[in-house]
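Chains as they are written, first to last, in our numbering: chain H, 46 to 205; chain P, 145 to 910.
Just so you know, these hints were derived from the structure itself, not from any lab. Backbone N, C-alpha and C fix where the C-beta goes; we use that ideal spot for every residue, glycine too. It is possible that part of the hints are untrue.
[What the hints assert, rightly or not] Mimicking DSSO-like on lysine-lysine, the simulated pairs with C-alpha atoms at most 30 Å apart in a straight line are:
#1 P:K311 x P:K439
#2 P:K260 x H:K112
#3 P:K271 x H:K115
[Unchecked claim] Stretch-level coverage of chain P by chain H, calculated; a stretch enters the list once three of its residues show a Cβ under 8 Å from a Cβ in chain H:
#4 552-564
#5 724-737
Below, each chain spelled out in residue letters.
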Amino acid sequence: MKAFSSIQWTVFIIILFFTASCADHRVASIPQTHLPPEIGSPSSNTVPAPHPRKKSRPPILDTLISKARKELNSGHPDAAFQTLERALNIDGQDPLVWHLMAKIRSMQGQYGQAESLARKSNTLSAGSPSLKKKNWRVIANALEKQGRSQESNLARQKSM
Amino acid sequence: MKKKILIFVLMGCTALFLGYFYKFNTVVQERFQGRLWELPAQIYARPLEIYPAMHLVPDLFEKELILMGYRQKKDWKGLENPGTYARMKNTFDLFCRSFDFGDDQVDARRIRLRIKNNQVVDVRNAKSGAGRKMVRLDPVVVGRFYPSSMEDRVLISLAQLPPLLAKAIVAVEDRTFYTHYGIDPKSILRAIVVNLKKKSLSQGASTLTQQLAKNFFLTRKKSLVRKINEVFMAGALELHFSKDQILEAYMNEVYLGQDGKRAIHGFGLAADFYFGKALADLAPQEMALLVGMLKGPSRYNPRAHPVRAKERRDLVLNLMAAQKLLSPSSLKRALSAPLDVVEKPRLRHSPFPYYLDLVKRQLLKEYNEADLRAMGLRIFTTLDPQVQLAAEQAVAGFLEKRDKRIQTGLVVTSRASNEIQALVGGRVSGKGGFNRALDARRPMGSLVKPAIYFTALDRPDMYTMVSRISDNPIKVKNSDGTVWQPNNFDRKFHGNVTLYKALVNSYNVCTVRLGMDLGLDAITDTLGKMGQAPPKPWLPSMLLGSIEMSPVQVARIYHTLASGGFYTPARAIRVIYTPDGERLQRYQLTIEQRLNPGAVFLLNKILQGVVAQGTGKSLGKWVSSDLAVAGKTGTSNGYRDSWFAGFSGSRLAVVWMGRDDNRPCGLTGATGALQVFGRLMSKIPNSPLVLAVPENVEWGIIDPETGARTDGNCSDAVSVPFIRGSVPERYRPCARNSQVQEKGKTQLPQKPKPTNLMDWLKDVLK
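Based on the provided sequences and hints, a complete structural model is requested.
What follows is the structure, encoded as C-alpha cells:
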C-alpha cells in the first residue's frame, strides 16, 4: 500500500496555496483557506476556496479507527476509547476520532463528555457537513438526557 | 516415680515442641496468605509506536533505544537476544523484547525499519519479511519506587523458569531437596563434625527450605537459637507447600547483589542486572554464574571479581556436567565462553527525576506511599523520552555559556490530549531537586495579556481585531489611593492602535486601558475558565502580569487556547496495572468547552501574528514559519522572569527562565525562554498549526486605515476574521488610485509571495 507521506502532503498544500495566490485580485496576499462564500468578496469568486481539511487520512489512522470500531462493536467501549486516544496522538485534528469518542461516551451514559467531545469534533469538521450533523445528533441526545430539552431541540434542528 | 517424672518431662517437652512448632506454623501461614514480597512500582514512559510515514529522527530514536536498555550489535546477525539492535545508517534492526502492555501482550520479535529524511518508510517483520502497520516497542523505564527495604525484584513463576536453572540450583545447593522434609540430618551431622574439627561455625548445612525460612523470617546472624528456629520454620514450610512452590519462592527471594542502595533479589532481576536479559534467554554458563553467586553474592560478584567469579562458574558447570545436566560438548562450549556481564546496570537512577517527581505527586494524591512502594504497580505515563531529551538539550544548549545562576522550568504537552510529554525542573536535568516546572511561582508578565484580549474579543459588539484602543499615557488609581502609571517596554506611546497590533507588539499602556475598561473581575473570570484563576486581591498591576504562576499552571491556561477553548486537564499517567495484569486505574481524556471558540480563534490568529511579526519574531531563527506557531513572550519587571508560551499543530510548550533568588537574570521573554522554545521545537516533529474556523466566525474585507468595510479589489484591503455579525457596517469605497488594475498586471504579484499563514496581516495592519 502506498502511503502519502506528510512531506508529500505539505508539498501538496503548499502548491494549493501557491496556485490560489496566483489567481486574480488577491486581497493583500491572503492565503485564506476559509473564505465563506457569503462574504461575497471578489476573492471568493476568483479564488477557489480550498476545502479545509479535506485531506484523506493516513493509513495508520484508518487502522486505529477501524480497530476502535471493532472494539466498540464487540462491546469494549473502554478499549475503543483507549485506541482512539492513541489515534489522537497521531493526529489530534481528525474530527472523526473526536466524533467516535463522543459516541462512546454517549453509549456509556456520560452525556456531559459526549456533548463536549461532539462539540470539539464540530469545531474541526468544517469540511464535512455530514459528520457535523452526526455530531449535532449526539449533542441533541446528550442535552435531552441531561434534561435540557430546549437546547436539545435546537441541536436536533441542526442535525437535520 | 522416676518413670513418671520422665513421662512428665517428655510430655512437657512434646507440648513445648508442639507449641513452638505451632507458633512458627502460624507465622508461616500468615505470611504466605498476604503479599509475599514488597515489589517496587515500575514507571514507564509511553511506548514508542512506529508506523510507516511516521516522523522519526534516527539519532533521537537511537537515544531512546539506549534508554530502553537495548544494546548495540555490529549487524543484524549479532542480534541473538531480545533487547539488542543494529544500525546501518538509517536502517535499524531490532530484536524487540516481549512486553505486557496491559491491553496487549507481545512476544519477542525481530523487526527491521528504514528511515528516510526523518520519516519511517518501511517497517517489517525481519523473519517473514511481512510489512507491519504498526509496531509498539517496550517502553523506557522512567524509574521505580522502591520499598523501604530497597529490595528490588522481578517476579517469575515456575513456568517461566528454565528447567536447567532449577536443576542446577538443586544440584549445587541442596542435592536431596526433592526427598528431604525441610532438613537434611546427614548434612547436619557432616557439618557438625567439620565445625567441631575447625572449632568454628563455618560449614553450613542448610537446605533450600531452610535458606528460604531464614531469608523470610529470621535475621542473618549465626546463632544456635536461630538455627533451631530455622529448622522449625523449614518444617512448617514443608508441611504447607509443595516442593515446586518452595523452589519458586526461593528463586524469587534470594539475594544476588547490590546496586548502590538497591538490593538485587531473585533470579528474574539478576538475569537482567548482570546480563541485560530475560531469565528465559540465559545461556548455561550464565545460569551457572548466578547459581555460583548464591554462595556469596559480593565475593563472587562478576563485575568486581571477574576471575574469582569465573572460577566459581566453571566449578558449577563441572558439577552440572557431573550430574548429567550438561553434555560434554555443551560443557566445553560453556567453559570457553567469557563472562559476558553487561557493563552498567540500567535501572540505577531514573534518567528523568523531575518527571518522576511529577508522577509521584499525582500518585500520592490517591495512594498511600507504603502501598505505592510495595504493590508492584506498573504505571504507564505519558512521558515522551525523545521530547524530554530534546527539552533537556535545548535548556543545556542555551545555558551553556551563561550565568550559572539562571534556572529554568519547562513543560511540553500534546495539543490534542494535553498529555505531559516532557518536564524540566532545573538547569541540570539528571539531578532532580527543586522542581521549578511545578513549584516556581513567578510573575507571568505579558503572558497574561491573551486573557485580557480574549475577554475583549468575546464581546464582539464592542471589540473586534481591528478596534482601535489608545496607547496614550494612562493613570490608574489603586485601591489604596496611590497612582500607577504604566509604561511601554520601548518607553514610547503609540497613539491609537488596533487590538491586533497592540497584542502582537505587547504594548502595555493600551493593554492596561483595555483591561480597566473590561474590569478586573472579567479578566479573572476568563483566567478561571482557562484553568487558573488568580488569588485575591485583584490589583490593576495584574493586567501586566503581577499574577504568579508556575510553568505547569501557565501551560494549563494556554492549553485551553491551543485546544480552541476546550479545557482539558493535563495528564502524566495513562493507566496503572497491578502485577497480575489487572487494570487498577485509567486516567482518561476529558474535555469541557469553556470559551467561545470564535473568540479563541481570533485570539489565536493574533498569537500567530506575535510570532510572525511581533515580539516573538526571533522564533523564525529556529522553526519554519510554515509551522505557524502561535505564542506569547513575557518579561517581568527588571528582567527577573523570562517567559515564552506557544503551540504548534501538535504540541504546546511553556518555558520559564530566571533566578531562584529573584534577582534580574538579564533576559527578556524573547532573548531567553523563546530561544529555548525554539531550540526544542526545532528538534522534534511538529505539525503546522492550522486553526479550524469555528461556525461563528466570518470574514470581512477591511480598509486597515479606517477599520471600515471596503471592496476586495482595493490594493491595501485586508480580509479579517470577525465573530459573525460583528463585521463593521461602516463602508468606505476604495480610492481610485488604490484599485488593483483589472487585467494584465495580475500575472506579476506586486508583493513577494507569502511564506506563511500570517503574512496576510503583515504590512497592512500598521
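Status of each hint after checking the structure:
In summary, the hint linking K311 (chain P) to K439 (chain P) is supported, as the alpha carbons are separated by about 16 Å, within the 30 Å threshold. Only pairs whose Cα atoms come within 30 Å are accepted, and K260 (chain P) paired with K112 (chain H) is accepted, the gap being roughly 28 Å. Straight-line distance between C-alpha atoms of K271 (chain P) and K115 (chain H) comes to about 29 Å, which keeps the hinted pair within the 30 Å bound. Proximity of the stretch 552-564 of chain P to chain H, defined as three or more residues with a beta carbon under 8 Å from a beta carbon of that chain, is established by the 5 residues found.
Counting residues of the stretch 724-737 of chain P whose beta carbon lies closer than 8 Å to any beta carbon of chain H gives 7, which meets the minimum of three for the stated coverage.
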